[in-house]
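As they're listed, the protein sequences go chains A and P.
Counting from 1, one number per residue, gives the positions in the first sequence under our numbering.
Counting from 363, one number per residue, gives the positions in the second sequence under our numbering.
Worth flagging that the hints you see were computed from the coordinates, not collected in a lab.
Hints should not be assumed to be uniformly reliable.
Said to hold, decoys possible - Now the in silico label distances, taken between C-beta atoms and shown as ranges:
#	chain 1	residue 1	chain 2	residue 2	range
1	A	Arg55	P	Gly430	26 to 34 Å
2	A	Arg51	P	Lys552	12 to 20 Å
3	P	Gly519	A	Ser57	16 to 24 Å
For every residue, glycine included, the Cβ atom is placed at its ideal position computed from N, Cα and C.
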Amino acid sequence: MNCSDIRDLLDEYVDEELSSQQRDLVDRHISECPSCRAELETTEHTAGLVRSLPRESVPDGLAEAVQEQVRLADQRKRRAVALRWVGVGGWLAAAAALALVLRYGWFPPEPGRPPAETEIVITREEPPEKPLDEAAPPAPEEPVVAEREREREPAFPAEEKDVALPSELNALSEGPVRDIVAERERQVIEVTAVRLGRRLAVEDGTLTVMGVDRETTYAAVRQALDFVAEENILDERRDGEPDGEVTAILVTLPRAKLDEFRSRMAQLGHDDRERAPGVAPESAERALRRETLEMETPVTEKSDDADAIKLPDEVDAAEDAEMVTVRIELDIVGPDRVMRGNDVPAVQYRLQDIDAPEDDAD
Amino acid sequence: MVDPLQNEAEILGQCANGDADAFGQLVNHYQELIYNVVVRMLGKREDAQDVAQKVFLKAYRRLDTFQGESRFGTWLCSIAVNEAISERRRQSAARRSGAVPLSTLDNDLDCPFDPPSDGPGPEQPLEAEEMMGRIRAAVNELSDDYRAVVVLRDIEGLDYNAISQALGCSCGTIKSRLHRARLQLRAKLKGLVTS
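This is chain P alone, in the form it adopts within the complex (with noise of 0.2 Å):
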């Protein structure tokens, strides 16, 4: 996980009175890291970027509840999970209403993202691109409790402790979900997962 600013409690002290260019130093550091918990919690990059900048808005407005009682990053991993859920919720239930064609979501999940601009030339085995295709979509379909912990252990890195912090559940809550989503993750990536 990216580590804090500097002065990231000085910077906090600031935004805490009103400037809004101190907070502006805090989405330079963290959008990465809120556009990856985004883009994975969501499966797609498409609607990432709205969600991302609500993630932000809604912690501007909220900076005078936290406590830091947890890291900064951690609490807007909180929030970027949260949106990212109900997001994705309201367009499942958009989904199961009609509302968007199915054929489009389809699409959308089947192929979520575009080829990495960095992926594999032509000259490289196109089962690199594909494996990665599956790794998507495989943690694509897990739980949003299970895709959460992986995607914010597995991918950003987050220790138990934070991870905790950032989903309110106890440390064993934690293992104890890491351990089935893994499972589920080797089910789904049968072939891939070596044994």
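Isolated chain A (complex conformation) (with noise of 0.2 Å):
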């Protein structure tokens, strides 16, 4: 062997990973030759330096923590399954749930102040005729809300922070709350947010957020963002993976209000890509792949469903107003991306009917 192939050997014979027969032939090479001997020498004492950093101890409670973090994950698992069979009665606790974010707020740590640890768990009311351990699968055409006629009054506007909660959340909610809730047409599934310090994780793609109005409608949208934005950014899951990289948001809101809705995205600092045509689309070597979850049943809710939803201001206003849900395709959540004060992040998105004809602009 020369002295090329001796070096290429180099590495593997300080990691010990040449067979004897190899490293014979390296040690009979590097007796006679004094450069591979310098070589392997200077190789040697690289990854001894690289060896010779000191281990790094463990901070206390690091086990604790995850035992605590296990033990919720564990809490979450057995209600999602729970739920699993319980009939979706869960609009009104849904809104209700948005309330919480309402009452308690979202807002970013402030400077030097370490994040609460914060659980999300919404759930759903469990309609008294369908007990849990009732076998068979809910009907598929129950009326989603009866009781939604009461949330024609705003119960919970958002200047009023300590307005009392129903008692059912109040047990339910475990500490400052942020509200994701997500459906799947009549089956509930539950996303949970577990704040981890800065950062958040979700276990599910798709967000679907509802407001009482037009305000709680905005507040939990701008949530949502700042949620996907952090919590996707530059995440190339090379894992491979899905771990609940979230690309679309639903809305669900007046048709009228579409207009108004992307005037006040803007000013939260979200662009809508349609309506900003000249600004630059991501790069390709920073694009995030994307996994966008279909979404099997769309809704599209006109007002005079009974159970559709009313936003209470608009229900004077225009009474057979349409609903519409409107899909939020994330265009950029990558390094792109802006940040604005607070750490409020913006994303460029593509506003979608998802009742409209599939349009292939992007």
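Put the two chains together into one complex; each comes in its own frame, and the hints tell you how they fit.
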């Protein structure tokens, strides 16, 4: 073997990855070749310097913190399984859960102040006529929420921080709450968000946000976008396993309010790409792989449907206003996004009426 | 690399049946390994605890995907490397966007570690501490792929086969990356590396 062949083996020699036969070859060569011997010593020394770095001591409480997270994860899992068999009576609960956000608000942690660990669990009220142990699956055409009419009163106005919460929700909430509500067809998909330091984890891909009025809808959308951007940014998921990257948000609002919605979103720093064609798209190399979850049953509600959500401030003005569920497809969740004051991320998005024919503008 | 627990297969079976306490045994056993991988991959202690927690939580949720084709510790290392790289990139993007004051980050990079409590005392030469700082900085400046092989091989002592399992690359790729990483380290540590 010549010097070049030997040098190709030096790292493996240092790392003791060579067979005894190969090792003998290297030993024989370096005993006769000062140049390769020097190269070996340099390789050994380089590796030795890195290996000399002292070990880091594990901070106190790491294992306990993990155990607590595991316990919470188990709780959520059990609830999610149970909820699969619960008939959906949850629009009211969803709206009320959203009100939890309004009550507690969502604010980025103050600089220098460690954020509180927060668990969010959104669950549903169980209709009394459908006990948990009822084995039969829920009837597919059950009315969604009989009590919806009660929501004509904005029970949880955004300005009122100390409004009393329903006792059921109080019992379900553990500490300050940020809500993410997801729903697919008539089954509840429980989306939980666990605040881990400054990070959030999400276990599902599409978020549906609903507000009892416009303000709460905007607030929920903003929160969801913050959540999405924080969770998705530059996460290439090298392990190839989906872990909740969010690429779309569903928002239900009056069709007539779409422009106002865009305007408010722009105020929040989120641009509609279709309305801002000059905005450069993200670079291909930085683009994230997206997995847009498909909604098997698009949700479009008419206000003349007894079960449709009526935004309270819309009821008088447009009793027959058409409610539309738009899909906010997030176009930029990578490094091109803009961070603005208070770490509020901005994303570009494309609004798409999920009932409208698919267009390929993108 | 830390050896597996004696009854690790049994413990993993218990975990698969939802025994969170059994998983706690694994956490206790592997926390030192994972914390060190995360710290070296992040290049700083800050946030390492959060990321390490996330690693274990993710492992717990995905235990059903662990097929035993590698050692459990290797599998954990794989998650740790990925999580740390993701976190680093998040922070890097935030820095580029200006959300994090540059001065703060620069300080982090210049002095990513507190002086070790058991480090050299006043009677010992200051060069030892400076040398460690240079080595850390050199490792920290490597690309993600190169840093991962250096951390897993030279710091955690995984063999090539385990590293290839953890990083999902062939052994040949691992050898190549390690060789190039060491060449870069040699250049960065010029003056420290004797030849």
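Hints and how they fare:
1. Look at arginine 55 (chain A) against glycine 430 (chain P): about 28 Å separates their beta carbons, and that is inside 26 to 34 Å.
2. In this structure, arginine 51 (chain A) and lysine 552 (chain P) meet the distance hint of 12 to 20 Å, their C-beta atoms being roughly 19 Å apart.
3. With their beta carbons about 18 Å apart, glycine 519 (chain P) and serine 57 (chain A) fall inside the hinted range of 16 to 24 Å.
The structure shown violates none of the earlier numbered hints.
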